[in-house]
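Line order of the protein sequences matches chains E, V and W. With my numbering, the residue at position 300 of the first sequence is 300, and numbering never jumps. With my numbering, the residue at position 117 of the second sequence is 117, and numbering never jumps. With my numbering, the residue at position 6 of the third sequence is 6, and numbering never jumps.
What the hints contain is simulated information worked out from the structure, not anything from laboratory work. Take these hints with a grain of salt, some might be off.
[As the list claims (entries may be wrong)] Computed Cβ-Cβ distance ranges for the label pairs, DEER-style:
id: 1; chain 1: V; residue 1: D111; chain 2: E; residue 2: P696; range: 24 to 34 Å
id: 2; chain 1: W; residue 1: A49; chain 2: E; residue 2: N61; range: 55 to 65 Å
id: 3; chain 1: W; residue 1: D253; chain 2: E; residue 2: G441; range: 26 to 36 Å
[As the list claims (entries may be wrong)] Okay, derived cross-link-like pairs now, PhoX-like style, lysine-lysine, Cα gap no bigger than 25 Å in a straight line:
id: 4; chain 1: E; residue 1: K389; chain 2: V; residue 2: K116
id: 5; chain 1: E; residue 1: K389; chain 2: V; residue 2: K60
id: 6; chain 1: E; residue 1: K542; chain 2: V; residue 2: K116
id: 7; chain 1: V; residue 1: K77; chain 2: E; residue 2: K495
id: 8; chain 1: V; residue 1: K116; chain 2: E; residue 2: K405
id: 9; chain 1: E; residue 1: K63; chain 2: E; residue 2: K389
[Stated by the list, open to error] Output of the computed footprint for chain W on chain V, the stretches with three or more beta carbons under 8 Å from beta carbons of chain W:
id: 10; stretch: 34-42
id: 11; stretch: 103-112
id: 12; stretch: 132-146
Small disclaimer: the values here were computed from a predicted structure and weren't measured. Yeah, the Cβ is synthetic: ideal placement off N, Cα and C, and Gly gets one too.
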Amino acid sequence: MAEAHPVGFQWVVEAKNRGAKVIHVDPRFTRTSALAHTYLPVRAGADIAFLGGVINYILSNEKDFREYVVAYTNASMLVSEEFEDTEDLSGLFSGYDPETNTYDQSSWQYAGQQDEGQEEEESHADRETASGLEQESHGPPIPADVPRDPTLQDPRCVYQVLKRHYARYTPEVVERLCGVPQEKFLEVCEAWTANSGREKTTALVYSVGWTQHSVGVQYIRAGAIIQLLLGNMGRPGGGVMALRGHASIQGSTDIPTLFNLLPGYLPMPHFKQHESFDQWIDAIRHPEQSGFWANAKSYAVSLLKSYWGDAATEQNDFGYGWMPRLTGDHGTYQQVLDMIDGKIKGYFLLGQNPAVGSAHGKAQRLGMANLDWLVVRDLFMIESATFWKNGPEIGTGEIVPEECKTEVFFMPAASHAEKSGTFTQTQRMLQWREQAVEPPGDARSELWFFYHLGRIIRERLADSTLPRDEGIRRLAWDYELHGELQEPRGEDVLKEINGYDLTTGKLLSNFTEMKPDGSTSGGCWIYTGVYKDGVNQAARRKPGREQNYVAREWGWAWPSDRRTLYNRASADPDGKPWSERKKYVWWDEEKGEWVGDDVPDFEKTKPPSYRPPEGASGVEAISGDDAFIMQGDGKGWLYAPSGLIDGPMPTHYEPAESNVRNPLYAQQANPTRKVYQRSDNLTNPSPPEQHSEVYPFVFSTSRLTEHHTAGGMSRQLAYLSELQPEMFVEVSPELAAERELEHMGWAHIVTARAAIEARVMVTDRLAPLRIDGRIVHQLWMPYHWGSEGLVTGDSANDLIGITLDPNVLIQESKVGTCDIQPGRRPSGPELLAYVQSYRDRAGLTPGHHTPIETPRGADGEQ
Amino acid sequence: MRPARAWVRVVSVGVKTWIEGWPVYRQLTGTDPLGRGAAAQSPKSKSLTSRTETADRVAKSVCPYCAVGCGQQIFVKDEKIVQIEGDPDSPVSRGRLCPKGSASLSLVTSDRRQQKVLYRRPYGKDWEELDLDTAMNMIADRVLAARDATWQDADEEGRPLNRTLGISSLGGATLDNEENYLIKKLFTAIGAIQIENQARI
Amino acid sequence: MESNSLYGPLDPAPEAGYTDAPPRMGFFTDTSVCIGCKACEVACKTWNAVPDDGFDLLGHSYDNTGGLTANSWRHVAFIEQPRSSSGASTDTPGAFAGLPVGPSSVPATNVIAAQTSADTGTSPGILPAVDALSAAATAGSEFLGAAPSGGCGSGGCGSSSGGSSSGGGAQMLGMPMTDLPGRVNEAPRSDFRWLMMSNVCKHCTHAGCLDVCPTGALFRTEFGTVVVQDDICNGCGYCISGCPYGVIDRRDDDGRAWKCTLCYDRIGDGLMPACATACPTESIQFGELDELRERAARRVETLQAQGVAEARLYGNDPSDGVGGDGAFFLLLDEPEVYGLPPDPHVPTRDVVSMWKKAGLAALTMAATAVVAFAGRRK
């Protein structure tokens with residue numbers, strides 16, 4: 001956190017000064033570790049083993065916050081008798097199909113609900129479309145009325161199922177798998193549990209080190225399970241805090257430019273699952289469901305009204321017929337492979353530099369070299385715009401400028417100071433930026449670029465009679481233009497996003513005002529209220545020092561300006577604060593409403609004693625003590641009966657590339673991970689496959705304080721470049737000795753994809769770990785460098801292959817295996833031969849197939 | 001030569017004024033006999049004022065790097081940005097910035113920023129300059145051509161597809177919400193679905 | 001002129017002729033909360049339009065600035081130490097306890113480490129670690145006491161020659177080497193800490209640079225700070241040898257001397273200096289020196305009460321060799337570890353007696369001043 005989010009870290013320092021204990025777990029000792037009370041080195045890719053160990057500690061010592069757990073989680077619910085655990089099936093859950101590498105999830109359901117589970121085909125389609133992402137704003141569908149055992153004794157209740165699942169994650173196993181000495185691990189368990197409960201809360205903070213794994217979603221699930229068991233969710237000073245890495249990356253999923261989502265986490269229509277408008281709506285709202293998601297039709301229709309305005313009518317299903325349809329995986333990595341295969345003609349890069357910043361840099365660049373045209377919009381000349389003349393493949397001869405047909409347009413972009421608009425920061429808060437000056441030269445905002453691109457396209461198609469052009473011709477695209485540059489106003493677009501009551505023309509104040517009949521609009525339902533009372537709430541700037549610590553009059557947070565989600569859980573089931581010290585939102589009997597420091601994440605006047613009438617659905621079905629109102633059953637999920645592709649409970653699988661045989665299960669790696677088996681996307685062998693010793697070391701990559709992602713906004717600036725001027729690799733003194741690496745000398749790192757070179761930083765901040773009885777060396781690299789800018793160097797992402805988490809299709813780029821050797825890498829065509837020599841030794845011959853399901857009996861003598 | 005030129009100009013100013021401005025005179029007659037303080041202060045030092053104080057206006061903004069969302073104040077003088085620093089009002093950052101945020105001034109005012117549209121023709125070996133309008137029209141032509149060439153109305157069973165798989169987009173996560181909204185709206189309307197973002201990465 | 005105005009405790013601004021001087025302003029840099037982010041370096045350069053200092057990977061942990069120079073007025077030092085404070089507040093005792101021990105690094109690694117002193121583009125471009133070495137060697141720091149024998153790596157010790165290996169005193173502090181100080185094969189990895197400190201001009205009560213400046217380019221401001229006036233400096237360079245901390249430095253291109261001004265322009269307008277404004281964790285605090293000294297004393301007490309016995313102040317004592325610093329520090333180890341001289345003295349300490357006798361010197365300085373003044377008005 002101190003490394004990549006230094007200003008956020010001021011709050012950790014402040015907490016520390018007030019007596020908080022700070023624990024840091026990381027493969028390497030970082031600037032965060034330097035200020036932590038306790039630092040634990042851990043093997044990259046073994047986090048679920050570590051977190052599972054904490055869960056086991058909590059459950060076997062009954063350290064959970066029992067009242068909270070019984071009232072607010074699904075601990076008491078009974079799981080189907082057909083469910084079989086990884087304990088019983090060598091690392092697989094029940095329902096696995098080795099043909100499709102997906103699960104039939106019926107047996108994962110609560111007792112009596114087996115029919116609700118996802119079948120394989122659905123599960124497969126969900127993986128292809130990363131449908132897990134839809135749950136960012138709400139839980140997956142689940143029926144209410146589940147049999148429960150509030151004593152938590154029934155062997156089929158979630159609490160007991162969980163306990164069994166993690167029983168083997170003992171401190172000893174944690175030490176064996178993660179390399180963390182047992183005493184240090186127990187110190188963390190004790191601190192975490194001792195500082196949770198009525199009087200105290202513990203916050204869990206993670207960064208992208210968790211999301212970029214083939215089991216990334218389950219890493220975060222594991223953290224959430226701990227925080228639920230200890231009663232840290234929805235309470236001040238608790239929670240699971242995602243430290244995201246870009247100014248509006250939260251906004252980029254809320255109002256997504258993602259293939260599988262529409263604004264507000266509505267799914268992009270799937271050609272089979274959502275063939276008709278009604279199928280689409282029902283797939284979102286699940287008619288028998290409880291919770292706010294039941295009003296999905298209002299949100300969906302309002303979006304279509306914002307897109308197509310008057311042209312969207314009840315008769316034409318509000319324009320649903322114009323929506324394009326998904327047929328499977330259309331994610332960025334699939335696209336890149338399709339580019340290599342010549343299937344894609346044109347590519348827009350909008351402030352993004354995949355030649356350096358995406359996994360498998362070579363695939364990225366070769367894909368770009370096989371397009372008809374590429375549009376790059378950026379502040380500076382970046383690697384993705386110059387792959388045809390300065391990329392590494394020029395040296396190897398894989399790209400020859402005279403033979404590369406890609407037409408490239410470089411369009412200079414306006415900076416954050418030269419346009420007004422909102423960023424959504426990592427706590428879901430929108431903050432409005434005022435424009436300071438006009439952009440220089442030809443530089444323009446994306447707002448300008450896309451408005452005018454749309455205008456020109458619409459002019460070209462104005463007279464078209466083709467049905468395919470109707471959607472673009474009838475699009476609501478009449479934005480008022482301003483100034484010399486003819487720029488649409490950010491305010492106007494934000495108002496469109498907020499939505500209107502179309503009968504009165506007034507801006508909506510909350511998504512609860514949205515209607516399913518086309519009488520309201522709203523481009524992103526969870527953002528409705530950002531223009532509450534006609535005021536740009538994101539532009540509110542009452543100084544923090546003039547407010548309490550929640551600072552509600554600064555910016556605006558979705559949904560409905562709630563700063564802490566699920567804050568109903570900060571009060572006990574009766575609505576009273578758990579403790580005076582930790583009071584946040586509570587029920588005021590006299591006023592008959594929820595009050596406190598935050599906007600209650602609950603219906604304001606629904607008393608704690610409310611119980612839904614028989615047969616209720618939707619919002620009415622939320623009980624007065626259902627704190628997790630966006631979940632189908634109102635409960636925080638320790639066990640996920642649906643919504644996850646790879647299992648209802650986080651399970652330790654080794655990374656897709658590992659030099660350690662999974663000591664817990666026969667199944668080596670995530671059996672549902674998304675793999676693109678291609679000769680240009682080879683995976684280093686992992687046990688029980690042979691030859692994993694060819695790539696004997698574990699590597700991880702991350703950021704330095706001094707740089708930003710692919711370097712486009714940092715390696716171009718002298719003041720940042722001088723602070724970290726060169727690509728380097730950090731190794732322990734022990735590894736340096738083993739490989740004869742010299743401090744500040746050169747070394748090169750090799751995987752099945754590439755060999756890159758870096759200067760050597762020998763440091764005690766990295767340490768060898770003892771894993772399963774042998775010493776494992778880890779090395780670390782920053783990934784900021786490329787061939788453009790004031791300081792240049794090889795790119796760490798070139799080392800990484802494309803293997804994805806099945807739930808969200810994010811790549812595993814935080815851990816892999818490699819070799820490191822002293823000296824510079826070969827250059828020119830010899831580089832290719834060198835990388836090939838490693839592949840040959842590793843048995844990565846043509847037709848090599850990386851096993852997804854680990855063949856049973858593959859361990860030979862075992 | 002310099003001293004001589006200076007003398008000439010000094011005489012025209014007036015000997016008395018000049019003498020009084022002479023540090024040694026001030027040193028010998030004032031409170032600073034060692035000539036290390038008040039007497040040594042140059043006119044430039046005396047007239048120093050911070051450029052944030054003389055700015056024409058201040059825009060309230062937000063740092064464009066990570067997702068912490070630190071407040072920034074952007075100081076503008078004569079339509080040029082002269083300083084960017086933390087906004088002390090922000091309850092998120094309390095006026096502080098990291099090295100990247102502190103480098104924002106050079107990010108936006110760098111002379112390395114590209115200000116011209118550049119074009120690399122197929123098989124070209126170097127960039128050429130292009131007029132912005134021309135580029136916009138060329139891009140629109142290419143979008144429409146790619147769409148026409150790859151359009152899919154329906155699958156073999158007649159289920160609607162309404163799309164093109166010929167166009168891709170990958171956006172950074174430093175785009176505004178309003179921008180992402182328009183991007184998704186336009187691409188969806190023309191049937192382009194392969195629209196992705198750093199958020200997938 | 002009082003006899004003590006070149007030595008001992010005093011309030012420098014009234015001493016320099018400011019009759020209604022505001023309170024003396026300064027920096028308190030609390031290294032116990034420094035996260036080494038270098039925001040101070042960048043904020044300083046951004047505000048003062050200081051040129052970059054060259055793109056050189058130095059290998060001193062994460063320090064690629066190297067030291068305070070004409071082109072770096074703030075400098076964050078990084079010290080990697082295989083030890084821990086006794087307390088639990090500021091570092092990570094037992095960070096690597098219980099981990100397996102492997103062979104040490106090759107001796108050649110040391111040689112490379114000890115010789116990384118890339119050209120900083122400025123002169124003298126003092127690298128603090130080098131200072132630390134000489135200072136520590138004479139002070140006999142315990143870290144350097146660890147003999148290099150007994151733990152040599154697989155490559156043997158014989159090769160670790162090369163001018164920097166004799167006597168153990170020349171080992172690079174904070175750098176990985178054959179034997180990390182305090183760790184040998186028999187005493188494996190255990191404690192570790194990573195100290196960070198943002199260094200800056202000390203704005204001494206008795207400023208050597210100012211005292212020797214013949215042109216009046218260096219002057220004492222009403223805030224008691226020491227500022228080089230670039231419209232006067234003629235680049236003679238006397239100030240460089242006058243600084244007991246090796247802070248002030250000349251630029252290669254224009255020859256003039258440059259250093260921290262404590263943002264004279266900003267503080268004159270009631271603003272904080274750029275570095276203190278940016279500092280995310282309030283490691284750099286700006287304010288009235290008297291108040292800062294009280295605050296610092298309390299902070300040391302707090303840390304010591306938490307068991308951080310090593311917490312100490314540096315440069316806060318008005319009776320030290322420079323009459324106390326306007327910019328002082330809370331350190332977590334001996335000053336030498338951070339590259340700071342343990343007992344700095346203003347070189348003009350002995351000038352007082354000479355000065356009284358030397359009317360000639362005054363005349364010379366006056367004459368020099370005439371030339372400088374006239375020269376300035378080009």
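Results of checking the hints against the structure:
no.: 1; hint: V:D111 / E:P696: 24 to 34 Å; result: 47 Å, violated
no.: 2; hint: W:A49 / E:N61: 55 to 65 Å; result: 60 Å, holds
no.: 3; hint: W:D253 / E:G441: 26 to 36 Å; result: 30 Å, holds
no.: 4; hint: E:K389 / V:K116; result: 19 Å, holds
no.: 5; hint: E:K389 / V:K60; result: 40 Å, violated
no.: 6; hint: E:K542 / V:K116; result: 39 Å, violated
no.: 7; hint: V:K77 / E:K495; result: 31 Å, violated
no.: 8; hint: V:K116 / E:K405; result: 22 Å, holds
no.: 9; hint: E:K63 / E:K389; result: 61 Å, violated
no.: 10; hint: 34-42; result: holds (count 9)
no.: 11; hint: 103-112; result: holds (count 3)
no.: 12; hint: 132-146; result: violated (count 0)
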